[in-house]
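2 protein chains.
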Amino acid sequence: MKCRRCREPAVIDIRRHNAAFCQECFQHHCREQVRRTISDFDMIQPGERVLVAVSGGKDSLGLWHLLRALDYDVDGLYVGLGIGEYSDTSGAYARDFAQMHGLKLIEVDVPAEYGFDVPDGSRAAKRAPCSACGLSKRHIFNESAMTHGYDVLATGHNLDDEAAVLFGNVLRWDTAYLGRQHPVLPEAPGFARKVKPLVRLGERELAAYCVLTGIDYIVEECPMAVGNKHIGYKEVLNALEERSPGSKASFVHGFWDHAYERFAGDVAQERAELGACRACGAPTPGDLCAFCRLRARATGTPLPMLQDDGA
Amino acid sequence: MKCRRCREPAVIDIRRHNAAFCQECFQHHCREQVRRTISDFDMIQPGERVLVAVSGGKDSLGLWHLLRALDYDVDGLYVGLGIGEYSDTSGAYARDFAQMHGLKLIEVDVPAEYGFDVPDGSRAAKRAPCSACGLSKRHIFNESAMTHGYDVLATGHNLDDEAAVLFGNVLRWDTAYLGRQHPVLPEAPGFARKVKPLVRLGERELAAYCVLTGIDYIVEECPMAVGNKHIGYKEVLNALEERSPGSKASFVHGFWDHAYERFAGDVAQERAELGACRACGAPTPGDLCAFCRLRARATGTPLPMLQDDGA
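Protein chains in written order, with this note's numbering: chain A, 1 to 311; chain B, 1 to 311.
Rather than coming from a laboratory, the hints here were simulated on the basis of the structure.
Incorrect hints may have been included.
What the hints assert, rightly or not - Chain B stretches covered by chain A per the calculated footprint, using a threshold of three residues with CB under 8 Å from any CB of chain A: (1) 23 to 33; (2) 164 to 177; (3) 214 to 225.
Claimed, not checked - A few chain B residues that face chain A, going by a derived Cβ cut-off under 8 Å, partial list only: (4) Arg16; (5) Ser247; (6) Phe263; (7) Ala264.
As the structure is a prediction and not an experimental result, all values here were calculated from the model.
Glycine included, C-beta positions come from ideal geometry on N, C-alpha and C.
Model the full structure from these sequences, guided by the hints.
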């Protein structure tokens, strides 16, 4: 098996591209996939400051490395969710990576700053752990990007993640989620721009990128996510991909090319109608945003309200 | 296990309805599902003449029986596709059913009337057999309904069929097919109305309906369809349904409730732009319709053209 690019012996093959690469050309291939994604979707403009949300896993650390390799001005954000030893270990990987590459890492510790952890929040709000966690992360990612003045927030969602989420959204025809599932959510009042530069790279490619580049990452899945539907959907999609390589990519990118805009209108309308959360100021359709409601339930204490501006 | 309706011992349970039924109440349940589908989607108006396409299988014979049980004026249409022994056997089941119930069966024999069979057509046109077959059936069903003056053409597509086709259309985001996948395609110049009254009943329920009602049907799958993608998609969906009963129904009916109309506009536009096939007069975007092109290739002879009307 020879490298498609330089004809030297290959170390990895990618069936959906019908291609194999040597170590160096594979790293080049990954950078080109990210460069092309950023360019095709107009994700980041020259000179913009990027904040990448890092979990200590292969995707987010790989993304941080790739964005630096492409010369973007990018700092990291680590959110400690209080999931016992898993959080301790994942935080250590994020810190080690930042230190080794001389990069800036912003840290937010949820238990210390907000008075609850994800297991507490999940129980108190009677939400599945992944739901409470996802909502907390989305809130804190956005808040951190806005507070620290970043133009763009980047997350490490890869092709497999997007395919599994899209599959779940389509099985239920959840049109609100479908209208929000895009590699770029543009900035809006109260919202930083969100981008997913890894949507052309699969899970296996990210793992290979980290291994071949010498990036140390936490291999374990989050203990709270074991057996969730998202993971079951990945198995189904892997079986289809095995039978017909390229299925996942055509499912995800076909959605963006041919169907996404048919669902996006509802969401634009919804965003335009948001007010500000009375406790934290984040955009929300109600009185309190979902994160502040979760926090109030999990801590069992009322939240201090923002000053009424008399408007 | 007791019947939900009459509390007598049940003979079948349906997990997605969390219900079990005795023989009589199950037949009543099937009729009610069909009655409700016809009513919800405005499929058939009082007094209309219905033609049901029958293959000799459980779905189409079950549908014919159910429509008669609901007092519709419905004749059968059997299309012989020339798939060797399979066609001989399936035709015999359709004829036996019609004779036993004193119903009228219209027959069209493709080799005799059009000079080719599905295996020939598939090879000549370099199309997958299921593709050549589907296109031939759609053409002949529509032509027969128009020629014999029926108001509605009914087909036996069940919930599992619709789910598998929808799954394939969504994996590829084939927006033209998505815009046509509906339980009712309204009549239009050159097109009979097409309806699918079984979309609330699964494959297993149709098989049970036939067995419990004493309807003899061909059990074998078509030998040309073995291993096609459609069947692979059914396996995937069955695994999801097993894990989470009701997934298929919410996937299919959720599409019609929340997403279908977002794709339908393209198709209405496309239909409005069709002309007439020069050989057979059927609506087509080109000069010759797809069926006449298939026929010309399969027979290797030019088709007689319709009189030019000088327009």
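Taking the hints in turn, this is what the structure says about them:
Here's how the region 23 to 33 of chain B fares: 0 of its residues keep a CB closer than 8 Å to some CB of chain A, so the rule of at least three is not met and the hint is violated. Chain A is given as covering the region 164 to 177 of chain B, and this holds because 5 residues of the stretch bring a CB closer than 8 Å to a CB of that chain, at least three being needed. Coverage of a stretch by a chain is defined here by at least three residues with a beta carbon nearer than 8 Å to that chain's beta carbons; for the region 214 to 225 of chain B and chain A the count is 0, and the condition is violated. Contact between arginine 16 of chain B and chain A, as hinted, is not supported at the beta carbon level, the nearest pair being about 14 Å apart and thus beyond 8 Å.
Residue-level restraint check for serine 247 of chain B holds (minimum Cβ-Cβ distance to chain A is 6 Å; threshold 8 Å). Below 8 Å, beta-carbon pairs count as interface contacts, and phenylalanine 263 of chain B has one with chain A at about 7 Å; its hint therefore holds. Hint on alanine 264 of chain B is violated. Least Cβ distance to chain A is approximately 11 Å, over the 8 Å limit.
Violation of the numbered hints given earlier is confined to hints 1, 3, 4, 7; the remaining hints are satisfied by the structure.
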